[in-house]
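Trainee: Here is what each chain is made of, one letter per residue.
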Amino acid sequence: MNNLNNLNNLNKTAAGKTKSEEFSSKNEVIYDDPRKVFSEALVELGSKNSNVIYISCDSSLGASGGEFNKKFPDRHFEFGIAEQNAMGEAAGFATCGKIPFIAAYMPFVTFRCFEQIRDDICKTNLNVNIMGNNCGFSVSALGPTHTVLEDMAVIRSLPNITIFSPCDGPEYYQAVFSAAEIEGPVFIRIHRLKAKRIHSNGYKFICGKGEILKNGSDITVVTCSSMVAPTLEAAEILQRKGISIEVLNISTIKPIDKELILNSSAKTKKVVSVEEHSVIGGLGSAVADILIKENPVKMKMIGINDQFAVVGEYKDVIDYYGLTPQKIADAIDDFCR
Amino acid sequence: MKKLKKDEVELLLKKAYKCRQNILRMMKNAEGHIGGAFSSLDIITVLYNKILKHNPSEPKWPDRDRFILSAGHKCLALYTVLADQGYFDESILWTYGQFKTRVAMHPEEKLLPGVEFPTGSLGHGLPVGHGIALCAKLDKKNYKVFVMLGDGECQEGSIWEAAMSAGHYGTDNLIVILDRNGLQVNGPTEKIMNISPVEDKFKAFGWEVRTIDGHDYNQIYETLISTPFKKGKPSCIIAKTTKCKGLTFAEGEFQYHHWHCEPDKIDESLEIVKESLKKELERIK
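Sequence order for the protein chains is D and V. So that you can map any letter, position 174 of the first sequence is 555 in our numbering, and since no number is skipped, the others follow by simple counting. So that you can map any letter, position 131 of the second sequence is 143 in our numbering, and since no number is skipped, the others follow by simple counting.
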């Protein structure tokens with residue numbers, strides 16, 4: 382079901398070429414709108430599997446579920462601004478064999494209904510798929526109530542749940558199909574900003590598998606989601622300075638690709654994590670959990686250090702927290718010395 | 013209106029009081045939420061014996077009516093009724109309080125056949141029940157979903173989120189039974205946090221509401237059998253009950269919400285419950 386071609390078909394240009402084909406031929410940079418990709422994937426999934434339903438909490442337009450509603454109005458359930466109820470309703474549907482995708486703003490679809498996620502979905506191990514919209518600093522202008530830097534920390538603590546943190550269009554698209562196939566609950570982190578296309582044709586997203594995006598020998602840098610592209614740019618900056626970093630994209634946060642992380646860290650002996658999330662409980666913590674037990678090496682976590690977010694436009698906030706390519710490169714450079 | 017015959021009421025009473033006695037026997041092993049179990053037992057007995065379309069030999073029969081005990085702490089009542097219905101062997105009841113028992117102090121669907129959904133944290137069962145009821149509509153199936161709430165539970169906001177949702181969708185295959193015994197852990201519901209007028213609250217959320225005596229078998233049966241009360245609206249039954257009904261010294265006493273009982277008191281309590289049954293049988297003659 383993981384069909385990247387569908388995504389490419391949806392992105393056909395006037396010349397009849399897919400954007401990816403154009404990308405490979407012209408080396409053109411492509412940006413995907415994660416919410417649009419999610420919407421397209423959900424419609425495609427819904428047309429193949431009549432058990433798929435979409436649940437929104439006054440979030441159907443923002444979460445790009447509007448297309449699903451147009452095509453399958455009977456299978457779209459709106460529960461208003463009441464996420465505790467919506468999550469319980471999703472569990473109820475799933476007990477009858479339905480495959481709910483429930484989408485809302487990150488804080489409301491995680492913290493507000495955390496106990497429903499824990500008791501009604503994770504403990505029961507039901508096939509409910511939670512779309513956490515606007516992860517990281519997606520909506521930083523809205524302030525710290527809407528800017529969630531703790532979602533991975535909280536959700537990762539729950540047994541049975543799978544966590545995806547895709548970085549580009551092909552990953553977002555395939556993550557939706559993968560989530561439906563997994564029998565238990567899945568949490569997908571969705572960024573609002575357009576994502577630079579990292580993957581080309583033929584990429585296959587596999588639950589639980591990370592990947593080496595750039596080989597290197599001096600240091601392993603582990604990242605995910607919106608930080609993949611800036612980390613790759615940081616790698617180029619460092620390359621020019623003669624520092625060779627190996628960049629790992631960890632698109633499944635749980636279960637994490639332990640083997641990939643251990644193999645890379647065994648080679649480089651140094652690990653840095655880069656994430657648009659608190660350093661408490663996020664990707665860095667998940668990596669540290671493995672390293673401390675199996676291969677304790679020197680490690681640095683680049684992220685947000687136990688703070689609530691400042692208010693501002695994305696580019697300013699990212700710069701403030703040191704998450705631009707140059708600042709990531711500088712921090713890694715410092716760590717190497 | 014379809015009524016129960018006298019011998020049917022007698023049989024149901026005997027079953028319910030046998031369950032009360034079994035609960036006391038289970039509590040030889042450990043403390044338990046006896047108050048709400050005894051207040052809800054007559055209703056749950058009528059449900060499983062006369063109302064629900066269900067099949068104990070096929071607990072997951074897709075077209076079954078669902079019963080969700082949202083106030084999961086009343087599960088001693090559910091366990092004893094399920095055992096009586098043949099969902100599992102009665103001997104499982106006597107493992108109550110033991111390490112890895114299947115009859116936990118809150119019900120787990122993975123441990124015991126017949127438990128529809130695991131509950132314990134209050135306010136969860138109604139949203140889940142409404143999701144199942146909507147799913148029946150989506151799948152064009154006829155099953156009903158019965159959800160039992162506690163009255164203290166109605167202080168949880170998620171109950172009213174779900175009540176609003178059911179009113180909005182007009183989900184008429186959803187039936188709430190509110191075990192209105194008036195008491196919660198620390199005292200009278202009206203004193204801890206007043207939920208009255210709870211009838212009006214459900215009505216205001218778009219429900220059709222009936223109030224009954226939750227220990228009168230004919231009222232319970234006639235009300236449950238006539239659901240939905242109105243096409244296109246969810247039904248709510250406010251069942252006025254007595255906490256710890258049948259154990260006379262504990263009736264209406266909030267301290268018996270959760271009872272840690274000395275084993276020698278159990279035998280005495282068993283006799284009291286037997287006496288209560290005799291009186292009930294006398295009363296219906």
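If you're looking for bench data, these hints aren't it; they were derived computationally from the structure. Be aware that one or more of the hints could be misleading.
[As the list claims (entries may be wrong)] Pair ranges (Cβ atoms, derived):
#1 D:Y701 to V:N154: 55 to 61 Å
#2 V:E70 to D:I462: 51 to 57 Å
#3 D:D455 to V:S238: 28 to 34 Å
#4 D:E562 to V:H118: 30 to 36 Å
The beta-carbon is built from N, C-alpha and C at its ideal position, and this holds for glycine as well.
Trainee: Are the hints correct? Go through all of them and say.
Mentor: Consistency of the hints with the structure:
no.	hint	in the structure
1	D:Y701 to V:N154: 55 to 61 Å	59 Å, holds
2	V:E70 to D:I462: 51 to 57 Å	39 Å, violated
3	D:D455 to V:S238: 28 to 34 Å	29 Å, holds
4	D:E562 to V:H118: 30 to 36 Å	32 Å, holds
Of the numbered hints listed earlier, the single one contradicted by the structure is hint 2.
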